[in-house]
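Enquirer: Here's the letter readout for the chains.
2 protein chains.
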Amino acid sequence: MNRKASVVWRGNLRDGAGTLSTESGVLRDTDYSFRARFEKGNGKDGNGKDGNGKDGNGTNLEELIAASLGGCFSMTLSDELERAGLHPERIETTAIARLEESKGSWTLTRIELEVRAKIPNANQNHFIDAALAAKTNSPMARLLNTNISMIAHLDT
Amino acid sequence: MNRKASVVWRGNLRDGAGTLSTESGVLRDTDYSFRARFEKGNGKDGNGKDGNGKDGNGTNLEELIAASLGGCFSMTLSDELERAGLHPERIETTAIARLEESKGSWTLTRIELEVRAKIPNANQNHFIDAALAAKTNSPMARLLNTNISMIAHLDT
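Heads up: the protein sequence lines correspond to chains A and B, in order.
Letter 80 of the first sequence, counting from 1, is numbered 80 in my numbering, and no numbers are missing.
Letter 67 of the second sequence, counting from 1, is numbered 67 in my numbering, and no numbers are missing.
A hint or two may mislead.
All copies of an identical chain are treated as equivalent in the list; a pair is satisfied when it fits inside any one copy or across any two copies.
[What the hints assert, rightly or not] DSSO-like cross-link-like pairs, simulated, lysine-lysine; straight-line CA separation at most 27 Å:
hint: 1; residue 1: K135; residue 2: K118
hint: 2; residue 1: K4; residue 2: K135
hint: 3; residue 1: K103; residue 2: K135
These are computed hints drawn from the structure, not numbers from a lab.
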């Protein structure tokens, strides 16, 4: 199975800007830039503009990675719970990717997962076992060469 | 620097569904599901519905990874070219992520990059050297534990 994305980048690294599109159309000429990625937050520069100087919906690549891992972890956790005979109602996960610079080179050094789940009849041990398995074995956890930490809460 | 995403998953693996949101708002309660990810294309099932049964804009996690790598490669290539004294006008990259199942487990086994660039005064050797460096050294290439291949064209 193949999944596709397309990118256009114009200009140099610091003053140039690019757009991202995915096959599903969820990203469609979505802006990204060096400034939005490495200098300012939330895909906007200090003036609330994205990398193309527009008031657009800019992204940064690291939040897409955080979404991929958080999404993959959550669906894998639902599977692990089901294998233990449990039926999760709701799994809420936040994923925070940390980007650090060392010697002029940026690295995504860590992703912190925080999960809160509502699972009828689950006890803490079942839940933690399933969460640890998902943290280690999900396809995205295996794909990403970074440190992954986790905090897990079972709502009662 | 921290980049954040939030996920809500409801139900079990195969019949459940989730939503993804990122800090920038580019993903905002964006649907994803097992079926859309592993069974059908483009975030839709066979009836054109996304994982939540709506005619929504579903995504799959692998196209987000393809976008991240393609985006990171393209901006890193612009930097490599600049270091060689070149000024890229336009860099177009497609990234295709291949997802394969083995013994019930899914793995993103390969990403194929195809890049086409317009760079005044560049020759083929400069371009290929820069493209190979970006393919190996970009932050996302270092992050992803998968095979990355590349085809590179210099437009004249």
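Enquirer: Each hint needs a verdict: does it hold in this structure or not?
Expert: These are the hints, each one checked on the structure:
1. Only within a single protomer do K135 and K118 lie at most 27 Å apart by alpha-carbon distance; the minimum there is 18 Å, versus 42 Å between protomers.
2. With identical chains, the CA atoms of K4 and K135 are at most 27 Å apart both within one copy (26 Å) and between copies (17 Å).
3. In this homomeric assembly, K103 and K135 come within 27 Å of each other (Cα to Cα) only across copies, at 19 Å, whereas the closest approach inside a single copy is 30 Å.
Hint compliance for this structure: no hint is broken.
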